[in-house]
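Protein chains: 2
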Amino acid sequence: MNDSCLHICEHDAPASTVESLVEHCRSKGLRKTALLVALLRLFLNSIKPISVQAIQSDSSIGDSCDTATVYRLLGRLEERGIVRRIGSHERSMHYVLNLGHNHREYLICTQCGGVEVLDFPCPVDTLEQKIARKTGYQHLYHELQFFGVCPKCA
Amino acid sequence: MNDSCLHICEHDAPASTVESLVEHCRSKGLRKTALLVALLRLFLNSIKPISVQAIQSDSSIGDSCDTATVYRLLGRLEERGIVRRIGSHERSMHYVLNLGHNHREYLICTQCGGVEVLDFPCPVDTLEQKIARKTGYQHLYHELQFFGVCPKCA
DNA sequence: GTAATTGCAAATCATTTGCTTCGTA
DNA sequence: TACGAAGCAAATGATTTGCAATTAC
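Which chain is which? The protein sequence lines are A and B, in order.
Using the numbering used here, you'd call the opening residue of the first sequence number 696 and step up by one each time.
Using the numbering used here, you'd call the opening residue of the second sequence number 696 and step up by one each time.
Treat the hints as calculated values from the structure; they're not laboratory data.
Please read these numbers as outputs of a predicted model, since none were measured by experiment.
Take these hints with a grain of salt, some might be off.
All copies of an identical chain are treated as equivalent in the list; a pair is satisfied when it fits inside any one copy or across any two copies.
Unchecked claim - With a Cα cut of at most 25 Å, we get these calculated PhoX-like pairs of lysine-lysine:
#1 K825 <-> K847
#2 K723 <-> K829
#3 K743 <-> K847
#4 K727 <-> K847
#5 K829 <-> K727
#6 K825 <-> K723
#7 K743 <-> K829
#8 K825 <-> K727
Construct the entire structure; sequences and hints are all you get.
Here it is as structure tokens:
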């Protein structure tokens, strides 16, 4: 791998439209509600993991929606493999759209908590297959996060 | 990399002794208390991340120690770089001894929560240096976790 | 002796659950 | 209409904080 494979990715064109995602949800038994649409739109507009707090403070969701409802919908989306829960050092859970092997890796500042999205060919995919063979684990996926002190905080 | 580089690691000889770790802590301004010694011993005996709950249910710590005290000591150890907080899908925080680049990667069952420790040459280290150069982030480190369904749960 | 550490109690904050009402299909 | 989804309130669980008492150095 050479350096040109690695650059910070500020934003990418979404892989799907809100409409297609809504249809996908409906095909898995979910109903089309205002919250579902707003949530999917929010996920499509951010390739960074989103915290429940960020969801609730979003203007299109915010006051109009109960906390428990947000948690329940996120749970239903996760059960169906539409979003993925991401482990985080913060107190609250973070979620991202589940894009399978098109996922991204993150670089997180340990001082200010800022998140940058990295874009490079994932070096772990072949290893993942090897682990699956060795261990017998199924449906393998991975989470890779980098931590450090960003230039502003240093 | 060939397959022989990858095997599941059940347990390893600890990298340090309790005594040397205690001395390290003292050199960073911590006092030698019963909890500190018990905690360091617990960390040395487990290469897996330890949850606060597991710490409190440990016989050598258990009832003899207040919850708030455990949290406060873990915080002091983390500030000094002696342990590292590990992001987790569970509600509670997990910690491991900070072994720098001698860290391990984990394979976690999404069904039963079981954790296996993987032992292989980390494929991310060179990438990490590249990221440091590109982004200007300092003190870089990473967390890599694999998730899947273990043979028992499948 | 002094500053760090602890214990205890109470406060926060995230997340979950029960139950009733509402809205989509 | 029927069942999934939302709203509301209360419960649970993890983590944090204030303050007075204790202990290592």
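Okay, the hints, checked on the actual structure:
1. K825 <-> K847: Classified as between: cross-chain Cα gap 19 Å, same-chain 39 Å, threshold 25 Å.
2. K723 <-> K829: The answer is neither: 32 Å in one copy and 42 Å across copies each exceed 25 Å.
3. K743 <-> K847: within (20 Å within a copy, 33 Å between copies)
4. K727 <-> K847: Neither. Shortest intra-copy (43 Å) and inter-copy (36 Å) distances fail the 25 Å Cα cut-off.
5. K829 <-> K727: Classified as neither; 42 Å inside a copy, 43 Å across copies.
6. K825 <-> K723: Neither, since 31 Å and 41 Å both go past 25 Å.
7. K743 <-> K829: between (32 Å within a copy, 19 Å between copies)
8. K825 <-> K727: neither (40 Å within a copy, 44 Å between copies)
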